[in-house]
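Asks: Listed in order, the protein sequences are those of chains A and B.
The numbering of the first sequence is numbering that gives the first Met the number 0, which starts it at 0 and goes up by one.
The numbering of the second sequence is numbering that gives the first Met the number 0, which starts it at 0 and goes up by one.
Zero decoy hints are in this set.
Simulated pairs of lysine-lysine, DSBU-like, Cα-Cα distance not exceeding 35 Å:
#, chain 1, residue 1, chain 2, residue 2
1, A, LYS114, A, LYS191
2, A, LYS191, B, LYS121
3, B, LYS155, A, LYS191
4, B, LYS155, A, LYS114
5, B, LYS170, A, LYS187
6, B, LYS170, A, LYS196
Worth flagging that the hints you see were computed from the coordinates, not collected in a lab.
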Amino acid sequence: MTWGTLSQKQPDADQLEITLIGPGQGECCIAHLGSGRWIIIDSCRNRQTRHPVALEYFEYICAQANSVILIIATHWHDDHISGLADTLRACTEAKFCCSSALSSREFLATVAPYKERLLFAGDSGVSELFEVLHELDESGRMPIMRAAPDRRVVQLAPSSLAHGYSCEIWTLSPSDAQIDDFYLEIGKLVPKLRETKRRLPSQKTNLLSVVTLVARVN
Amino acid sequence: MPNLTTSSKQQGFDFEGTFSVPARAASCDISRSANVVSIAPSANNSGSGSQEVVPKTASEQESKRARTIFLPLQEWEGTVTRLLEDAFIGAMVDLSEREKGFQDEVEFPLSDLPFDALPLLKEGAIFRWSIGYAIVDGTRCRASKIVFRRMPAWTKRELETAARYASDLSKSVTWE
Chain A
0 MTWGTLSQKQ PDADQLEITL IGPGQGECCI AHLGSGRWII IDSCRNRQTR
50 HPVALEYFEY ICAQANSVIL IIATHWHDDH ISGLADTLRA CTEAKFCCSS
100 ALSSREFLAT VAPYKERLLF AGDSGVSELF EVLHELDESG RMPIMRAAPD
150 RRVVQLAPSS LAHGYSCEIW TLSPSDAQID DFYLEIGKLV PKLRETKRRL
200 PSQKTNLLSV VTLVARVN
Chain B
0 MPNLTTSSKQ QGFDFEGTFS VPARAASCDI SRSANVVSIA PSANNSGSGS
50 QEVVPKTASE QESKRARTIF LPLQEWEGTV TRLLEDAFIG AMVDLSEREK
100 GFQDEVEFPL SDLPFDALPL LKEGAIFRWS IGYAIVDGTR CRASKIVFRR
150 MPAWTKRELE TAARYASDLS KSVTWE
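Same shape as in the complex, but just chain A:
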């Protein structure tokens, strides 16, 4: 991936800008809310450099990673969270938001046996997720913000933003019913004693997907 066609200029302080970067399957969304405040939704890596694209983008436009106020993981598929732990490590002021099911004891117990990434070629979304949780714990950035239907996770006052509007970030999902369905689905993945090892099968459905609304409010 090259940055050649992308403007190197930082957005103006009064501009709300959304940038989508990715290979077409699993993207990273970076939003400038105004006055140098940023949020990041999901993560992927540059195929050539292996660095998280969000961090490369900030370097490219000379923005500070510590001006990121929130990182959202929409779900745990490999192609949406690759590089998320490195991004979180660099964005020292960012809070973290995801579905509560992603760090529930039931979910972690199911996927923990699959975390060994040395076993097979290729990345494991499970390993990345565990790394994120460790980073949050070790850097003292718990608690996690819970993504749920119609939940406001960020509210910036008009006086703090150059465009003079309030800016709000809302999560619109997952619902309780979706989380129940998710638990039913991952229940099938529980490894059984003396069962042949395998890689964690990819999930056909995206039940925990966090739909995010970025709103400028008058």
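Given the coordinates of chain A, assemble chain B onto it according to the supplied hints.
Replies: Frame of chain A; chain B shown alone:
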């Protein structure tokens, strides 16, 4: 259990490191579209002119194996991600660029597999796909090989360790 046609057996993919090829080249047509690579047997590979040399006895089989050499040119490690009616999808990592860890999706017809590989075909199963040359009795031909890894089973200790790890980690998680 999927049905394999006679011609599928003639594709010559063997199992567990052994390799057999039809009398004519076991070549494949490989086409790439976006991130999906489709593989189909070559037209000249399944026609009436293609005849497989089938060893009749164990000693003949041993003799045939001894005369067959496979020289891989490119290898991928794959994970079965989806089972379809007559094919399966694999997420493939190019082993020559393993450190990059990027995956491409490839669709393999079930007819590319020998019968004894079918019980191992499950979502999450690991396999290696090699393309290269098979040298049979000094004759070189293009060939492709799929070998499923026979993985060890989960042990009680591994599952208990994982459960403890998950329990400890979940205790450190708090919510707003």
